[in-house]
Amino acid sequence: MYEFDWSSIPGALPFLWEGMKVTLVITVQAVLIGIVWGTLLAMMRLSPIKALSWFAAGYVNLFRAVPLVMVLLWFFLIVPEFVGQLFNIPRGTDMRLSSAMAGFALFESAYYSEIIRAGIQSVPKGQISAASALGMTYSQAMRLVVLPQAFRNMVPLLLTQGIILFQDTSLVYVSALADFFGAAYKVGDRDGRLVEMLLFAGAVYFVICFSASLLVKRLQKKYSTA
Amino acid sequence: MNYQWNWGVFLQPSASGDDTYLGWMFAGFKMTIGLSLSAWVIALLLGALVGVLRTVPNKVLAGFATAYVEMFRNVPLLVQLFIWYFVLPELLPASIGDAYKQSNPVMQQFLASMICLGLFTSARVAEQVRAGIYSLPRGQKNAGLALGFTLPQTYRFVMLPMAFRLVVPPLTSEFLNIFKNSAVCSTIGLLELAAQGRQLVDYTAQPFESFIAVTLSYIIINVTVMTLMHKFERRIAVPGYIGGK
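First to last, the protein sequences are chains G and Y. Here the first sequence stands for residues 707 to 932, numbered as in our numbering. Here the second sequence stands for residues 109 to 353, numbered as in our numbering.
There could be a bad hint or two in this list.
[Claimed, not checked] Straight-line distance between alpha carbons at most 27 Å, and here's what the computed BS3-like set of lysine-lysine pairs gives:
(1) G/Lys928 with G/Lys831
(2) G/Lys892 with Y/Lys209
(3) Y/Lys167 with G/Lys923
Worth flagging that the hints you see were computed from the coordinates, not collected in a lab.
With the rest of the complex left out, here is chain G (with noise of 0.2 Å):
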């Protein structure tokens, strides 16, 4: 039978600290981006405007067909070949953090476009036609009426793809950057105690977004009977 042996993890807490630090920088980033970017993409969808409509259309499904592990290869291996080119910066310098922060901004920007554009289509059309009944431009109007609304009904549809895109941060670990679970891969791979710090860092991701999911679901009743 296997004997567990805990002993390295008490030791390797400031290191995987450093690791979740670089997790939570990406995920942090990439919900804000991705909602700001997610915004517009979603807002040239339904622009009457043919070109940006079907660069949204296009981008979107894009990005929703391909794997994200295939993107941030794309991100890790060609992508900071070619800036580096254009920008003339040294060969050899390290970009993972600025490219993983790039492909997870870029591609959730995506998945939020869509739970935005339903968010904007759950509005009642009627409110377009007031706000333009009062005067407003078609941009005022998405602003001060739709806008706001649409946001108060995505909240807890925006978070939960927040704690996904959280848990997807792991897979930096094809470019080997020491976020929180490459950091602990690590320490387990040096240690040779792999399948504590496995066990370890399953438990920590479950106990973050298992308590996460119980606060996005208390926001929605708040929300929902309001």
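Using the hints, position chain Y against chain G.
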């Protein structure tokens, strides 16, 4: 940027000599399809079972099903995969664990990937099945019980035949997800599409062609599955419901 495009590279004999690079890609393509389809069978069977259990009045069964879903939903797929691949063989009784570790390495990777993807997706399928059952008018269950059906009979003859048809459209997106999620299995060395893509970059030194080809393959899978499922959805739609005839 001065990049030498060379699409002919796919027809060159591969480093192992017995195949072309196109052959490598096709092998990865077959692996992705085979893995995803076999995991999907597991996901459907377990997901349907767990989804039904979540709606039954028995507290123990429903509690077990809820715990199952929460566990698989709140741990990243990559961590789950590593636990199946690296941890489980250590925790199994020595005879089984050793037999696993001595088996063909590709078989090991495939088994771990299939079980991992299957169970991970089953939790998502279960949520859809539960939502499908809850979307039925409550009168259906009561009518079944009032007619003298037992609860299992009500599920078997009244609720599930409807719920399973209603749940097909949301399952389509889970079916698409399983193909995309299978790319995660490249991390344990399984040579599916994404892994072949990386290998092509290393061996051919033509990164753009390799990645474009692999990315296109994923898009082709995606479009094919969507088209097929759309046809299937149309056939199975319940008349009178949105999306029905």
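Check the structure against each numbered hint from earlier and tell me which ones fail, lowest number first. Those not satisfied: there are none.
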